[in-house]
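Q: Sequence:
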Amino acid sequence: TYFKSLYNIQVFGICEDAFPIQQNYLIKEEESIGKGANAVISFVHNYFSLHGLGETKLVIHADNCAGQNKNNAMIMYLVWRVASGLHSQITYSFMVAGHTKFSPDGFFGLLKLKLQRSEVDNLDDLVEVIEKLTIRGFNKVQTIYDKNKNRVVHFYNWTEFLSKYFKSIPNILQYHHFILHKDNIGKVEVKKKIDENTQTINIMKSNKIIGFLQEIFPKGLSNERK
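Quick note on numbering: the sequence shown equals residues 1 to 226 in this note's numbering.
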C-alpha cells in the first residue's frame with residue numbers, strides 16, 4: 001500500500017511598501033531549517049544583502065510573534081546591524097495582536113486565491129504563479145538556489161552568536177515600538193504605544209563584537225519523506 005503526502009514549500013514574505021514589491025522566499029522541504037528565529041533572521045539578513053538599496057534609516061513593521069525568544073532575537077539582530085554601521089537608525093514596530101493586517105497579508109491573500117485556481121506540481125510552477133499574481137509584477141521570488149544551482153540564501157546560528165553580546169528585553173511582549181540609533185549603540189528605546197514617552201533599555205553585554213557566525217545546514221528529507 002502506498003500513501004501520497006503533499007510536498008511542502010515554505011513561503012516567507014518581506015514587503016517594501018515604498019514601491020510596493022514583496023520578495024517571497026520559497027524554501028523547499030529539504031532546504032528548510034524550520035521556522036525559528038535563526039531562519040527568520042537569516043531571511044531578513046539575506047534580504048538586506050541582496051535587495052537592500054543602501055538605506056541608512058529603516059522603519060519596519062512585523063507580526064507580533066507569540067514567543068518572546070524570537071522577538072528578542074530579532075531586536076538583538078537589529079541592534080547588531082546598527083552597531084556594525086549597516087544602518088544609522090531603525091524603528092521596529094510590532095502589530096497589535098488581533099489587528100495584524102498589513103501589506104504582506106494582502107499579497108498572501110492574493111496568492112491563496114490564485115493557488116485555488118492553479119495546478120502546482122513543483123517549485124517552478126509556484127514561482128510562475130507568484131510572479132504572475134499582479135499585472136505590474138509586484139510579487140517577486142527569491143529561491144535558496146539560483147538557476148545555476150548556486151546557493152544564494154544561507155542560514156546562520158544567529159541566536160547563539162547574538163546571545164554572546166546582547167541581553168534579552170524583559171517582558172518584551174508588552175512593548176510595540178523599538179527605536180535603535182547609532183548614537184546609542186546597544187540601547188533600545190521602547191514604547192508600549194506610539195504616542196507615549198520612551199523608556200531606554202541597555203541590552204549590550206560587551207562593547208566588542210567579534211567572532212564569526214556558524215552556518216546551519218538543512219538536514220534534508222527523511223527516508224520516509226523520500
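Calculated directly from the structure, the hints in this document are not laboratory data.
Only a predicted model underlies this, so the values are computations on that prediction, with no experimental measurement involved.
Where is the CB? At the ideal position from N, CA and C, for every residue including glycine.
One thing to keep in mind: the hints can contain errors.
List time: in silico EDC-like cross-link candidates among lysine to aspartate or glutamate, alpha-carbon distance up to 16 Å [stated by the list, open to error]: (1) K219 - E16; (2) K28 - E160; (3) K187 - E160; (4) K57 - D17; (5) K57 - D183; (6) K147 - D183; (7) K205 - E160; (8) K112 - D125; (9) K140 - E160; (10) K140 - D63; (11) K70 - E55; (12) K219 - E196; (13) K147 - D125; (14) K149 - E16; (15) K28 - D183; (16) K28 - D124; (17) K57 - E16; (18) K140 - E128; (19) K140 - E16; (20) K140 - D124; (21) K70 - E160; (22) K35 - D17; (23) K219 - E29; (24) K147 - E128; (25) K167 - E131; (26) K132 - D146; (27) K182 - E16; (28) K149 - D17; (29) K193 - E215; (30) K182 - E160; (31) K219 - D17; (32) K149 - D63; (33) K149 - D124.
Derived CB-CB ranges, DEER-like [stated by the list, open to error]: (34) F217 - Q174: 43 to 49 Å; (35) K35 - N148: 26 to 32 Å; (36) D121 - S168: 41 to 47 Å; (37) A18 - G220: 25 to 31 Å.
Q: Check each numbered hint against the structure and report the violated ones by number, ascending.
A: Hint check: 1, 2, 3, 6, 9, 10, 11, 12, 14, 15, 22, 25, 26, 27, 28, 29, 30, 31, 32, 34 and 37 fail, others pass.
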